[in-house]
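Using our numbering, read the sequence shown as starting at 61 and increasing by one per residue.
Hints listed in this document are in silico derivations from the structure and should not be mistaken for laboratory results. Honestly, I wouldn't trust all of these hints.
[Claimed, not checked] Straight-line C-alpha distance at most 30 angstroms; calculated DSSO-like pairs for lysine-lysine:
(1) K127 - K115
(2) K68 - K127
(3) K68 - K114
(4) K114 - K127
(5) K92 - K127
(6) K92 - K68
(7) K112 - K68
(8) K115 - K92
(9) K115 - K68
(10) K112 - K127
(11) K92 - K112
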Amino acid sequence: MNKIRITKQFNFETGHALYGYDGACRNVHGHKVMLADYQPTCELLVIDFANKIKKRLPENISLHSLKLQETESSFANWYESDQ
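Go ahead and model the full structure; you've got the sequences and the hints to work with.
In structure tokens, the structure reads:
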């Protein structure tokens, strides 16, 4: 049976100020935000995990691959060289 994944996108406006900040953002200002809800898949999760891990690594360390294994025979591989 075929599966259908449905995504709902929400757009909204928000505002804030950074009190105690010495820059343009110290004044009240707004942003347009887009929020999308999606059904996570193994493929999307491994990409998300790789991006989060790379951000936390020291500059002299790089991530070259990541494997997300759901079961003994079901997994997703991510490789930096494919990017």
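Note to self: Of all the hints numbered above, which does this structure not satisfy? Sort the numbers upward.
What the structure shows: Going through the list in order, the structure violates hint 5 alone and respects the others.
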